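Could you build the full structure based on these sequences and the hints that come with them?
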Amino acid sequence: MIDLEISTEASGWETSIPDLEERVGKAVDAAVAAVPSPPGEATLSVLLTDDAAIRELNAAWRHQDKPTNVLSFPAPATMPGPGPRHLGDIALAFETMVREAETEGKTLQDHLSHLVIHGVLHLLGFDHEVEAEAEIMESLEVAALRSLGIADPYREKAA
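When you number the sequence shown by this note's numbering, it's gap-free, plus one each residue, and the end is 602.
No wet-lab data here; the hints were simulated from the structure. From a predicted model like this one, the values you see are computed outputs, not experimental measurements. Glycine included, each C-beta is placed from N, C-alpha and C at the ideal position. This list has only true hints and no planted wrong ones.
Derived DEER-like restraints, expressed as beta-carbon distance ranges:
#1 E465 - E572: 26 to 34 angstroms
#2 V573 - P479: 15 to 23 angstroms
#3 S450 - E547: 22 to 30 angstroms
#4 S454 - G568: 27 to 35 angstroms
#5 S450 - P525: 22 to 30 angstroms
#6 S480 - E452: 31 to 39 angstroms
#7 E574 - G526: 34 to 42 angstroms
So, in structure tokens, the structure goes:
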């Protein structure tokens with residue numbers, strides 16, 4: 444089970460996605476269920492913010508001075524202390540998510556679920572820097588999305 448902390452610091456999130464916290468929670472659970480070795484009891488936090496804040500985080504941590512849709516900050520695997528392991532933190536940018544959903548013809552709800560799943564998989568150690576890793580990560584994303592009744596976002600790419 445994942446103990447989830449959600450912080451909203453930008454406008455638009457709750458009004459655009461009425462079931463926001465439930466949707467984020469279901470996406471986290473779907474991502475964890477899709478991996479071969481789930482983490483068991485753990486915690487993670489999700490920050491729902493805007494392009495300006497994501498741009499600052501992206502510049503500080505990835506040296507890319509531009510907004511992006513989702514950033515993941517995995518916690519050290521050997522973080523000491525009692526209680527469940529903290530997997531890390533995910534930050535999502537509202538305006539970028541909205542632009543991408545419109546461009547790709549997706550609902551905000553489905554795109555949010557995909558971005559949360561993507562972020563959680565990064566926290567669990569998956570990546571997409573090389574083709575073989577990308578194929579594994581995409582297949583896990585597709586399986587998690589399918590469990591939520593959301594279509595494969597990569598199917599057009601493969602065609």
